[in-house]
Amino acid sequence: MLKVLMLTPHLDVVGGTERQCLKLATALAHHGVETTILTMRPTEHSRANVPADIAITRLDSPGVWVRRMKRYLRAKRAISPNYSEGRAGVAGNQPSRSFLRELGSLVGHKIPTQIDEAFLERTITRLCSATDVVHLHGVFWLPMLRATARACRATNTPYLVKITNEPERTWRSLKADPAAVGALSTSSGIITVNKHTQGYFQCRFPHVPTHFIPNGTDIPTQSPVAPIRDVLFLGTLKKQKGVDVLMRAWAMTKCTDGHRLLIVGDGPERRALEDLARSLGIEPRVRFLGLRHDVDQLLARRRVFVLPSRWEGMPNALIEAMAHGLPCISTSVDGVTDVLDDGKSGLLVEPENPKALALALDRVLTDHAMASRLGGYARARVIQRFSILAIIKEYMQLYEKFLVRHPNPRLG
Amino acid sequence: MCGIAGIISIDRPLGDVRDQVLAMVGALRHRGPDDTGLFAHPRAVLGMARLSVIDLQGGKQPIANETGRVCAVQNGEIYNYRELRNALSARGHRFQTQSDTEVLVHAYEEYGLSFPEKLTGMYAVAIWDSDRERLVLTRDRLGEKPLFFAYAHGCLLFASEMKALMRTRADLDLTVDAAALDEYLSFGFVSAPQTIYLGIRKLAPGHTLVVEDGQIKITRYWVPDLRPPAGRNEAEITDEIEELVERSVRRQMNADVPLGAFLSGGIDSSVVVAMMRKVSNGPIRTFTIGFDDSAFDERDPARTVARHLGTTHEELVLDPDIAEILPRLVAAFDEPFGDKSVVPTYFVANLARQHVKVALSGDGGDEVFGGYLSYMDALHKERRAKQIPASLRPVVRRMWHVYPSGAPAAFRLRKRGYNAQDRFVASSFVFDPDAKRQLLCGDVRAKIVALDPLYPKARHFVGCPTSDLLTAIQWNDLHHYLPDDILAKVDRMTMLNSLESRAPLLDHTLVEHGLGLPRRYKIWGHEAKVALRKVAARYLPQEILTRPKQGFGLPVKAWLSTSLARLVEDTVLGSPLRSTGWFRQAALERLVRQNRHTAAGPSNRLWLLLCLGLWLEGSARC
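Residue numbers (our numbering), protein chains in the order written: chain A, 65 to 476; chain B, 79 to 700.
There could be a bad hint or two in this list.
Only pairs whose alpha carbons sit at most 30 Å apart, straight line, appear in this in silico DSSO-like list of lysine-lysine [to be verified]:
(1) B:Lys-241 <-> A:Lys-239
(2) B:Lys-295 <-> A:Lys-465
(3) A:Lys-239 <-> B:Lys-295
I should point out that these hints are in silico values taken from the structure, not numbers from a laboratory.
All chains, please: the whole structure from these sequences, using the hints.
Structure representation (structure tokens):
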């Protein structure tokens with residue numbers, strides 16, 4: 065039986081990476097893979113979300129960082145609903161950049177990581193003895209990357225590293241630390257969630273096989289066909305997502321009667337966006353729903369899904385909307401272009417171009433036949449390429465390559 | 079032999095980058111002064127500068143297939159192109175020229191991505207397939223021809239030398255890689271896939287890079303397959319090796335321009351020339367350089383071989399203005415490169431170019447047949463380690479590791495606990511970890527101290543299919559020292575003179591047979607390269623065979639304290655190294671002082687720092 069050890073810094077902050085990790089672990093467990101997740105001390109909530117057949121190893125470190133981290137997260141939860149517990153909405157799924165930066169500065173620099181890294185390394189080494197493959201989700205916490213590399217090298221265990229952030233940003237944080245770069249270059253494989261990242265990392269680590277395996281999603285039952293009234297945006301309200309462009313586009317559309325723009329999510333730009341809606345005079349046609357916990361129900365209604373991002377990694381919300389068979393409009397940026405084929409499974413417009421976005425919105429809102437066709441194709445595409453079953457198959461193929469262990473001559 | 083370059087967009091149409099590719103090709107003109115060519119497609123632009131050697135008129139590049147949909151540029155030579163051409167013609171491919179590059183296009187069509195497996199030669203090839211919108215980059219098995227690449231803004235850029243990549247408008251990440259700097263200080267060069275820059279990579283030898291469907295895939299197509307000899311006794315094994323060397327030399331003597339050979343008076347180059355004499359009746363030109371100082375002079379044995387084999391021999395006594403030429407030689411690498419034999423290699427190539435356009439060399443003989451003194455040393459140490467009873471060995475090994483890793487002279491003590499392979503790696507350090515700790519300061523020191531000092535070289539033991547120590551260290555050198563030091567040096571120095579150099583001893587079949595020889599045919603007692611020596615004994619006078627190995631004898635120490643003293647003063651102690659903030663000034667001064675005043679001064683270390691300084695100075699000027 066294949067034994068996989070998954071590492072993720074935290075299950076508490078329900079971000080895209082962590083949610084994918086959990087989803088993958090669950091699906092793998094159903095396929096008879098023995099999965100262990102190593103994470104920081106999980107809360108009762110994350111424990112409740114994990115199926116019983118996945119073992120969670122607590123990282124009860126005597127080190128300072130766990131306590132500090134908990135205190136930090138507690139403080140964060142108190143001030144921002146983004147980090148609340150519970151099945152967070154999409155808005156909470158993407159930890160904001162400032163959050164990551166703070167997290168980095170907190171765990172990477174201020175805290176004496178030396179002791180903790182050693183502890184982490186010992187823990188991973190211990191778990192490696194009963195593991196075929198180690199899979200590290202995300203590299204935004206470098207001590208974990210370094211500890212994994214050292215532990216796996218010592219025990220001759222293959223380890224895979226999944227890169228979930230934007231490649232440029234990830235590389236910038238990596239390259240300052242040769243040990244972290246070394247950790248990636250001795251890995252058995254790098255997994256990326258979009259093609260741009262694949263090329264980017266393959267060129268930086270030419271001797272490490274770099275794979276493109278997108279994030280997977282569950283396939284919901286098809287929602288009933290009904291005329292479309294609303295336009296839906298789901299995501300953190302920050303500059304990256306380009307909601308301001310969407311607002312400007314909304315002000316230019318010709319479909320004014322009875323159509324509403326629903327904005328789900330919260331974030332640093334919310335106040336500014338509300339002001340923008342007022343100044344554009346579209347306030348009555350825009351509704352800010354804030355952070356919602358019923359994302360699946362929101363997507364299950366017939367709506368146009370819009371993601372006007374300026375840049376993307378792997379847009380989980382878009383894939384989920386496509387899985388529900390919604391006609392989708394997005395921008396032609398890396399990450400999105402891997403998911404949507406323009407004119408087939410959705411419409412792609414240039415980023416930062418409200419005029420083009422308005423035209424696309426008009427087309428989808430007026431042409432019901434086209435909207436249904438786009439939605440149908442989108443759903444088919446997700447089932448074929450992004451369903452968790454398809455993704456699992458790719459991962460299983462990848463893991464199975466490592467079942468045959470090569471002897472390590474350095475251990476002589 | 080040429081320079082190739084190109085820009086490929088990963089998944090969307092490319093803007094007009096023809097002028098940029100032309101600029102790249104312009105930077106490679108020394109590699110190919112005879113002709114330039116350009117191929118443009120909405121997604122790809124390929125360019126090349128050509129040194130015409132085979133089919134001077136018809137061999138223009140880029141070259142396309144019958145439909146014009148598959149297009150190739152190549153740097154190097156395909157030695158088995160005639161065999162391939164016949165095989166492909168029989169399968170219905172039509173050829174328009176006599177050139178070896180055209181074979182690549184049709185071989186790609188016929189065999190797909192596995193076509194490099196069919197090739198014998200030294201090459202860096204780029205093929206663009208318009209139908210599949212696919213780019214294939216591939217590099218020869220041993221790494222004779224270089225290929226660099228970078229990824230920027232959704233584009234892949236590639237070129238034969240890094241200076242071409244830097245001519246583009248692409249925003250490449252030219253930060254110095256601390257791990258590469260560490261490797262340079264340890265071994266004197268930076269090995270593939272790293273370069274000194276974080277944003278540029280080398281394609282490793284025997285690898286193929288494919289851009290297709292928005293993704294980039296790099297795979298290895300050749301792993302040496304050790305072939306034990308079929309012969310049962312010494313004579314049969316010698317016959318076998320001789321036949322392989324002869325076949326390789328015969329293939330490599332194919333050129334439509336004058337051809338010669340480098341002759342040092344050592345076994346390797348002498349065997350190559352002897353085989354040239356055997357397969358050809360025409361005149362053979364050989365080239366040697368030497369020094370006035372008899373301790374470093376190799377002209378006498380070379381002259382003996384030349385007289386014995388009846389070649390037209392040219393020699394040159396080297397008395398270079400080294401301070402003037404060295405900055406130019408260092409600049410040819412675009413990254414720090416500390417092998418001091420660049421100097422004689424440059425001059426012998428310069429001498430040869432005055433008479434011929436192609437020269438054969440004995441490069442690779444030491445790696446393939448086991449000729450280095452360090453190999454004997456490693457075997458000797460292995461024997462000594464075995465004197466400790468096997469049951470005690472792990473205890474003794476661990477004992478050394480009790481000493482804390484950060485303490486003074488830690489490496490010197492702890493390396494006694496290494497296994498034989500790691501000890502071999504440690505023996506090739508120029509600056510060992512202890513020395514680096516003293517030399518470096520600040521941020522760079524912290525970064526470098528955190529790295530595994532053995533990793534850059536020791537990683538090549540992984541995948542070695544044998545437990546024999548000698549084969550394993552040959553294997554290691556074949557993947558590390560040979561491609562990125564020896565062959566990089568030969569390529570840049572000959573190309574700087576627009577001369578093509580060919581290495582018959584690096585034919586991949588010969589390499590596989592050489593590595594697969596039993597140990598007693600490699601090193602036996604104090605005799606190295608036993609098998610090749612037996613071949614040589616059939617053609618060369620006895621005095622050549624019994625001559626002790628000279629190594630790269632160069633009066634470096636004398637240079638550093640005389641003609642290079644000024645340059646050392648300006649570069650090592652002056653602003654280029656100081657402005658980086660990497661080094662402790664006191665440590666640099668001590669190195670210079672020691673070299674001047676002690677007999678066995680640290681000339682290797684000083685040379686490395688001098689080359690680093692010259693590179694820094696040169697790159698700052700760009």
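Hints versus structure:
1. B:Lys-241 <-> A:Lys-239: holds, 23 Å
2. B:Lys-295 <-> A:Lys-465: Measuring from Cα to Cα gives roughly 17 Å; hence the hint holds.
3. A:Lys-239 <-> B:Lys-295: Holds - the C-alpha atoms of B:Lys-295 and A:Lys-239 are around 22 Å apart, at most 30 Å.
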